[in-house]
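K.L.:
Sequence:
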Amino acid sequence: MKVIVAETAGFCQGVRTALEMTLEAARSRQREPLCTFGPLIHNRQVLAMLKERGVEEAATVEDCRNRWVIIRAHGIPPDQRRRLKDVSRGLIDATCKRVARVQAIIRKHARKGFHTVIVGDADHAEVIGLMGYTEGRGVVVQTPQEVDRLPSDWPSVLLVAQTTQNQEVFRQVEARFREKFPHGLVQNTICGATRERQSEVRRLCAHVDAMVIVGGTHSGNTIRLAETARECGVPTYHVETEKDLDPDEMARFHTVGVSAGASTPNWMIRNVVRFLEGIEPERSAAAGAVWRRRLERLAYNNAACALAAGLLTAAVSAATNFPVGVNHILMAASYAFAMHTLNRYLDREALQLNDPRRAAYYEKRRTAFTTGGIVAAFLALASAFLDGVATGLVMVMLLAFGSLYAVPIFQSRWVDRLNILKIKDIPGSKTFTVPLAWASVTVWLPHLQHLGDGFGRLLYAFVLVFLLVLIRTALLDSLDIQGDRLVGRETVVVLLGEDKAARLFVAVLVVLTLGALLGPLWGATTPFGVFFAAAAAAYGMFFRFSRGRRIKDAAFLETLIESVLVGLGAVGCFWIWLGSL
Numbered sequence: 001m002k003v004i005v006a007e008t009a010g011f012c013q014g015v016r017t018a019l020e021m022t023l024e025a026a027r028s029r030q031r032e033p034l035c036t037f038g039p040l041i042h043n044r045q046v047l048a049m050l051k052e053r054g055v056e057e058a059a060t061v062e063d064c065r066n067r068w069v070i071i072r073a074h075g076i077p078p079d080q081r082r083r084l085k086d087v088s089r090g091l092i093d094a095t096c097k098r099v100a101r102v103q104a105i106i107r108k109h110a111r112k113g114f115h116t117v118i119v120g121d122a123d124h125a126e127v128i129g130l131m132g133y134t135e136g137r138g139v140v141v142q143t144p145q146e147v148d149r150l151p152s153d154w155p156s157v158l159l160v161a162q163t164t165q166n167q168e169v170f171r172q173v174e175a176r177f178r179e180k181f182p183h184g185l186v187q188n189t190i191c192g193a194t195r196e197r198q199s200e201v202r203r204l205c206a207h208v209d210a211m212v213i214v215g216g217t218h219s220g221n222t223i224r225l226a227e228t229a230r231e232c233g234v235p236t237y238h239v240e241t242e243k244d245l246d247p248d249e250m251a252r253f254h255t256v257g258v259s260a261g262a263s264t265p266n267w268m269i270r271n272v273v274r275f276l277e278g279i280e281p282e283r284s285a286a287a288g289a290v291w292r293r294r295l296e297r298l299a300y301n302n303a304a305c306a307l308a309a310g311l312l313t314a315a316v317s318a319a320t321n322f323p324v325g326v327n328h329i330l331m332a333a334s335y336a337f338a339m340h341t342l343n344r345y346l347d348r349e350a351l352q353l354n355d356p357r358r359a360a361y362y363e364k365r366r367t368a369f370t371t372g373g374i375v376a377a378f379l380a381l382a383s384a385f386l387d388g389v390a391t392g393l394v395m396v397m398l399l400a401f402g403s404l405y406a407v408p409i410f411q412s413r414w415v416d417r418l419n420i421l422k423i424k425d426i427p428g429s430k431t432f433t434v435p436l437a438w439a440s441v442t443v444w445l446p447h448l449q450h451l452g453d454g455f456g457r458l459l460y461a462f463v464l465v466f467l468l469v470l471i472r473t474a475l476l477d478s479l480d481i482q483g484d485r486l487v488g489r490e491t492v493v494v495l496l497g498e499d500k501a502a503r504l505f506v507a508v509l510v511v512l513t514l515g516a517l518l519g520p521l522w523g524a525t526t527p528f529g530v531f532f533a534a535a536a537a538a539y540g541m542f543f544r545f546s547r548g549r550r551i552k553d554a555a556f557l558e559t560l561i562e563s564v565l566v567g568l569g570a571v572g573c574f575w576i577w578l579g580s581l
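In terms of our numbering, the sequence shown opens at residue 1 and continues consecutively.
Since the hints were made in silico from the structure, they are not lab data.
These numbers were taken from a predicted model, which means no experiment stands behind them.
Quick reminder that beta carbons are idealized off the backbone N, C-alpha and C, glycines included.
Misleading hints may appear alongside valid ones.
In silico PhoX-like pairs for lysine-lysine, Cα to Cα no more than 25 Å straight-line [to be verified]:
#, residue 1, residue 2
1, LYS51, LYS2
2, LYS364, LYS51
3, LYS243, LYS51
4, LYS112, LYS97
Restraint-style ranges between C-beta atoms, simulated for each label pair [said to hold, decoys possible]:
#, residue 1, residue 2, range
5, MET397, GLY325, 16 to 26 Å
6, ASP93, PHE378, 50 to 60 Å
7, HIS207, ALA251, 13 to 23 Å
8, PHE378, GLY456, 30 to 40 Å
9, ASP93, MET397, 40 to 50 Å
10, ARG149, GLY113, 16 to 26 Å
11, LYS97, VAL389, 53 to 63 Å
12, ALA59, ILE4, 23 to 33 Å
13, MET397, ALA368, 47 to 57 Å
14, ARG53, ARG101, 25 to 35 Å
15, ALA400, GLY456, 21 to 31 Å
16, LYS97, CYS232, 27 to 37 Å
Full structure from sequences and hints, please.
P.N.:
Written out as structure tokens, the structure reads:
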């Protein structure tokens, strides 16, 4: 089955911010009672995850007594806010900024004597909160006919919308409202992200046989997406997980579109996509699915990562004309495997949020991966000491640094105030430490004996490798951005945001390409240096190719990203072989 995933599917900015604030509060107030007033968002799976982290849900104001209270993304009425301040230790306001804007609009006009008409669901948490700002002059409608029943003698009337309201419904209500209240004010307060999601669903419906909308059955914006798809006349299935889908029912369709509500994490969408893709594929698709699973397995096993690091030493050798041995390739590959395997286990929280299936894969094979990581670390050490004591000692330092990356080592009050307990807590740390370690183990360690006669060439190669692996790491970070964003700030993609990070790394690609092309002209590298420019071009294509495919093809894309370095290293091996003839 062919599956098309909407680019806008998954967490919106408001939900993302609310979760970030909640998890940050859970980390910084581990010894203090913490709760959310009502469900933080409308997604049972995410709420279960928060409960596991000690964030409980309080149903009443009294339940919040002597606790830190997180105000849910939907917002609350002002009277509840005042009562919560009186009984709690303090409030952490995670109200969506879009919702807060609607609250401000209603409050401003209510103080001027306006009656407020809200297009939405009267029993929805957001609408209940909005009604609290109307000063008792608010009414909720869902259809144009309900507008007709409103009093005609209201002198000042304001029309707003629940932020997740159906755009078409609001237009119909607005048309009737303007007829009844010619001098009334209209504010289309539907969230831009909501409008974009609904528009994309309409576009998708023209190209698919059916639509699957993933999200909580009590989530307003998810319900609106399902309504939008049904309005387009295609069979629509609103599900919370893939378990809600009937494979026999779905087998009737050749092409299925998938979108999701603003409270739906990527991993839930990915599980639905995997389920759909596994339904009676055609022969060609079946063959492709087999290869896709094999590539995913390479990513899961960290084999692609290890192979990329190992063969990168051959590319460095081809670019510098310094010899490299099999022990150097084994050393780099073993180091990469050991460090990536270890840190996957130490950083299980982010992995669980990005891909629970992968997390379960590691958990099921914990013993095998632990043993493999330890053996790989010893192989890296043995290979390094075979090259000399100095190489071995440097490898000891690299292994120690990598092992301590996700372990609490900072204890001073200054770093504690910044919530920095580990190296990984330093903003942007992951994006730069990984390429630094890879460049060290592939450039400096195999050629320490050439520091005297070839330092310039090695430094130039170090910069090229660092920039290339920096791009590779940034691309991988973009695949894991949701989990990384929720549990920390260790990647530049999270720190700057995707758009700013993309502009930064395009600039890095340009610098890398120029450096690779000019290296042979300046005598800083052999002619092989131009192949680094080819690798940069391949990663530039990935920036465009991966957009909109991250949810569906994350593990597959990860292996393809590693394959660029594998390919560069393979060409390097061939180059070295030609030079030996």
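K.L.:
With reference to the structure, classify each hint as holding or not holding.
P.N.:
Hints and how they fare:
Among the hinted pairs, LYS51 with LYS2 is inconsistent with the structure: their alpha-carbon atoms are about 36 Å apart, more than 25 Å. Proposed proximity of LYS364 and LYS51 is supported: the alpha carbons are some 23 Å apart, at most 25 Å. Of the pairs offered as hints, the one joining LYS243 and LYS51 holds, with about 22 Å between alpha carbons and a cut-off of 25 Å not exceeded. For the hint linking LYS112 to LYS97, the alpha-carbon distance of about 23 Å falls within 25 Å, and the restraint holds.
Distance hint check: the CB atoms of MET397 and GLY325 are about 21 Å apart, consistent with the given range 16 to 26 Å. For the pair ASP93 and PHE378, the supplied restraint of 50 to 60 Å holds, since their beta-carbon distance comes to about 51 Å. At about 19 Å, the beta-carbon gap between HIS207 and ALA251 stays in the expected band of 13 to 23 Å. For the pair PHE378 and GLY456, the beta carbons lie near 34 Å from each other, so the given range of 30 to 40 Å is met.
For ASP93 and MET397, the Cβ-Cβ distance of about 45 Å falls inside the hinted range of 40 to 50 Å, so the restraint holds. Distance hint check for ARG149 and GLY113: the Cβ-Cβ separation is about 22 Å, which falls inside the suggested range of 16 to 26 Å. The supplied range of 53 to 63 Å is met by LYS97 and VAL389, whose beta-carbon atoms lie about 58 Å from each other. Checked against the hint of 23 to 33 Å, the pair ALA59 and ILE4 fails, with Cβ atoms roughly 40 Å apart.
Taken as a hint, the range 47 to 57 Å is violated for the pair MET397 and ALA368, whose Cβ atoms sit roughly 28 Å apart. In this structure, ARG53 and ARG101 meet the distance hint of 25 to 35 Å, their C-beta atoms being roughly 30 Å apart. A hinted range of 21 to 31 Å for the beta carbons of ALA400 and GLY456 is consistent with their spacing of about 29 Å. Here the CB-CB span from LYS97 to CYS232 is close to 30 Å, well matched to the stated 27 to 37 Å.
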